[in-house]
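Produce the entire structure from the sequences given, and follow the hints as far as they go.
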Amino acid sequence: EAAVTQSPRNKVTVTGGNVTLSCRQTNSHNYMYWYRQDTGHGLRLIHYSYGAGNLQIGDVPDGYKATRTTQEDFFLLLELASPSQTSLYFCASSVQGYEQYFGPGTRLTVL
Amino acid sequence: KTQVEQSPQSLVVRQGENCVLQCNYSVTPDNHLRWFKQDTGKGLVSLTVLVHENDKTSNGRYSATLDKDAKHSTLHITATLLDDTATYICVVGDRGSALGRLHFGAGTQLIVIP
Chain A
1 EAAVTQSPRN KVTVTGGNVT LSCRQTNSHN YMYWYRQDTG HGLRLIHYSY
51 GAGNLQIGDV PDGYKATRTT QEDFFLLLEL ASPSQTSLYF CASSVQGYEQ
101 YFGPGTRLTV L
Chain B
1001 KTQVEQSPQS LVVRQGENCV LQCNYSVTPD NHLRWFKQDT GKGLVSLTVL
1051 VHENDKTSNG RYSATLDKDA KHSTLHITAT LLDDTATYIC VVGDRGSALG
1101 RLHFGAGTQL IVIP
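These protein sequence lines map, in sequence, to chains A and B. Our numbering numbers the first residue of the first sequence as 1 and each following residue consecutively. Our numbering numbers the first residue of the second sequence as 1001 and each following residue consecutively.
Read the hints as simulated data drawn from the structure, not as lab findings. Don't take every hint at face value.
A few chain A residues facing chain B, derived, Cβ under 7 Å [to be verified]:
hint, residue
1, GLY16
2, GLY17
3, GLY42
4, PHE102
5, GLY103
Label-pair restraints from in silico Cβ distances [stated by the list, open to error]:
hint, chain 1, residue 1, chain 2, residue 2, range
6, B, ASN1054, A, GLU79, 32 to 38 Å
7, B, ARG1095, A, HIS41, 18 to 24 Å
8, A, THR109, B, GLU1017, 33 to 39 Å
9, B, SER1058, A, LEU80, 46 to 52 Å
10, A, ALA52, B, GLU1017, 45 to 51 Å
Straight-line C-alpha distance at most 25 Å; calculated DSS-like pairs for lysine-lysine [what the hints assert, rightly or not]:
hint, chain 1, residue 1, chain 2, residue 2
11, B, LYS1056, B, LYS1071
12, A, LYS11, B, LYS1042
13, A, LYS65, B, LYS1056
14, A, LYS65, A, LYS11
Even for Gly, the Cβ is constructed at its ideal location relative to N, Cα and C.
What follows is the structure, encoded as structure tokens:
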């Protein structure tokens, strides 16, 4: 079964702070995704990647950068965090996009 | 514009009762539809996937249907258990490949009480 891990699981920062969320998958999946989940909304795609060094823009990319350093590792960067970025963030991976395997999530609070 | 609508938003049932969750969507094309279970504070776990017109699937106490003409799916949970308490999310894929996008519903929160 696909294994996707995220760290940290919880993070609190202040407005203007610099935050990096990490995601690792150990199943050699080529696609990786970052989503945010907010009450009353479905998951929304921030960024995704189809391999090391590749980055694709999702549907809600403003205020976020991402970097895929290796096949396994995908990072989400918030360089000037704002309260509107308080959310539950999920990472996912897949072989070809058909079935995505999700990590446990990171709860980020921006004060 | 929301392309995947789920109803009800929340539902309370007694342990042992059956329940039905609804998903209506406007995503085009609609390659496949998947139901996920999300325990509080946890990730999404796939329950079942429906691909074909009038597809029906069964996974233990979970069964699902898909009507692509009506762009509608139902998830049935039989003889609910306390552990069924979770949010159930309907997701429509517009392609069967990495070229496609997943469109997520906001979920139905199911609470099972003793």
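Here's how the hints hold up against the structure:
1. GLY16: Violated, about 27 Å.
2. GLY17: violated (23 Å)
3. GLY42: holds (3 Å)
4. PHE102: Hint on A:PHE102: holds, closest Cβ of chain B at ~4 Å, below 7 Å.
5. GLY103: Nearest chain B Cβ about 6 Å off; hint holds.
6. B:ASN1054 / A:GLU79: 32 to 38 Å: The hinted range 32 to 38 Å is violated for B:ASN1054 and A:GLU79, with Cβ atoms some 49 Å apart.
7. B:ARG1095 / A:HIS41: 18 to 24 Å: About 22 Å separates the Cβ atoms of B:ARG1095 and A:HIS41, which means 18 to 24 Å holds.
8. A:THR109 / B:GLU1017: 33 to 39 Å: holds (36 Å)
9. B:SER1058 / A:LEU80: 46 to 52 Å: holds (49 Å)
10. A:ALA52 / B:GLU1017: 45 to 51 Å: Holds: the Cβ-Cβ distance is about 49 Å, inside 45 to 51 Å.
11. B:LYS1056 / B:LYS1071: holds (14 Å)
12. A:LYS11 / B:LYS1042: It holds: about 15 Å lies between the C-alpha atoms, which stays within 25 Å.
13. A:LYS65 / B:LYS1056: violated (40 Å)
14. A:LYS65 / A:LYS11: Distance ~17 Å between A:LYS65 and A:LYS11 Cα, so the pair holds.
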